[in-house]
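Going line by line, the protein sequences match chains C and H. Each residue of the first sequence is one higher than the one before, starting from 1 at the first, in this note's numbering. Each residue of the second sequence is one higher than the one before, starting from 1 at the first, in this note's numbering.
Honestly, I wouldn't trust all of these hints.
What the hints assert, rightly or not - Calculated pairs, DMTMM-like style, for lysine to aspartate or glutamate (alpha carbon to alpha carbon, straight line, at most 25 Å):
hint	chain 1	residue 1	chain 2	residue 2
1	H	Lys149	C	Asp100
2	C	Lys20	H	Asp22
3	H	Lys154	H	Glu124
4	C	Lys92	H	Glu135
Stated by the list, open to error - Here are the in silico distance ranges between beta carbons for each label pair:
hint	chain 1	residue 1	chain 2	residue 2	range
5	C	Met1	H	Ala167	27 to 33 Å
6	C	Lys44	H	Tyr5	48 to 54 Å
7	C	Leu91	H	Ala39	18 to 24 Å
Simulated from the structure, these hints should not be mistaken for lab results. Beta carbons: idealized from backbone N, C-alpha and C, even for Gly.
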Amino acid sequence: MRNKLVPLEIAAKLVRDDSKVIMSAGFAFAPMAMLREIARRGPKNLHQIGVVGGSINLDFLIGAGQVSVLETCGFGFEPFENEAPNFDRFLKAGRIYSMDNT
Amino acid sequence: MGVPYVPVRGLAGTDILARRTDMLIAHNPFNADEKDVVARAINPDVAICHAIKADKSGNSIFRRGGDELLVSQASDKVIVTAEEIVGEVTAADPDGQFISSLNVTAVVHAPHGAHPAGVPGKYEMDRGHINEYIEAARSAEGFRAYLEKYVYDKTEADYQSLVGIPAQEVAVVA
Numbered sequence: 001m002r003n004k005l006v007p008l009e010i011a012a013k014l015v016r017d018d019s020k021v022i023m024s025a026g027f028a029f030a031p032m033a034m035l036r037e038i039a040r041r042g043p044k045n046l047h048q049i050g051v052v053g054g055s056i057n058l059d060f061l062i063g064a065g066q067v068s069v070l071e072t073c074g075f076g077f078e079p080f081e082n083e084a085p086n087f088d089r090f091l092k093a094g095r096i097y098s099m100d101n102t
Numbered sequence: 001m002g003v004p005y006v007p008v009r010g011l012a013g014t015d016i017l018a019r020r021t022d023m024l025i026a027h028n029p030f031n032a033d034e035k036d037v038v039a040r041a042i043n044p045d046v047a048i049c050h051a052i053k054a055d056k057s058g059n060s061i062f063r064r065g066g067d068e069l070l071v072s073q074a075s076d077k078v079i080v081t082a083e084e085i086v087g088e089v090t091a092a093d094p095d096g097q098f099i100s101s102l103n104v105t106a107v108v109h110a111p112h113g114a115h116p117a118g119v120p121g122k123y124e125m126d127r128g129h130i131n132e133y134i135e136a137a138r139s140a141e142g143f144r145a146y147l148e149k150y151v152y153d154k155t156e157a158d159y160q161s162l163v164g165i166p167a168q169e170v171a172v173v174a
């Protein structure tokens, strides 16, 4: 079997400028360590997709200014808040394009 | 699924179609009298999924009830981060949803890698940290300061130390 075990820093290189990135997570199983590494590397203009929905996993790279399109449904911060805070701020400022797949 | 589009019931009559280039109304090829909304398939470049465990070749076990299998099969490349790297993971594993190494591009050992979110059965979400995140994210300056404090110019080990997770061994990359 091929060994595909790599450090965070290597795997994060798979995400480039303009990548369409998909996740299935929320306040459980959010891949935050990888998202932090992507924030450190800084690819821009990401199209982020949440299946189904999401919370901090989708909100984080928006706050880092790396997401231009968000496509999901049922996105929020329950049980803390209704709105995902970075997304809410970016959407109201017209800094992100949102596609609602509800 | 490998299909170019799927019919979707329920969106006809809404104004969503006027604003989307990836959905339109098409005739049912089997019944010329019927029309349905069809949605173009989403073909992501990269899926990022956090697993309960994985082996070095990428065979992985995910929570039951999630969409990780669908997401990984739809994507060109798949990054799996895993709480634990074990000797061998097979489809017979009783702990959750199996995803084959055939669908996985890279596997990363990331214990506590969901923090401040949680991994049910291993650790709870960190409510204190999430509240700090929410407060920070209310302004551009606040979230910039959050990223400076926890993320930029830090390693994941630095992050875990800053949020009070005890230092842990990460599987050696052979």
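Each hint tested on the structure:
1. H:Lys149 with C:Asp100: With a Cα-Cα distance of about 32 Å, the restraint between H:Lys149 and C:Asp100 is violated, given a limit of 25 Å.
2. C:Lys20 with H:Asp22: 15 Å, holds
3. H:Lys154 with H:Glu124: Distance of about 24 Å is within 25 Å: holds.
4. C:Lys92 with H:Glu135: 17 Å, holds
5. C:Met1 with H:Ala167: 27 to 33 Å: The hinted range 27 to 33 Å holds for C:Met1 and H:Ala167, with Cβ atoms some 30 Å apart.
6. C:Lys44 with H:Tyr5: 48 to 54 Å: Distance hint for C:Lys44, H:Tyr5 is violated at roughly 29 Å.
7. C:Leu91 with H:Ala39: 18 to 24 Å: 22 Å, holds
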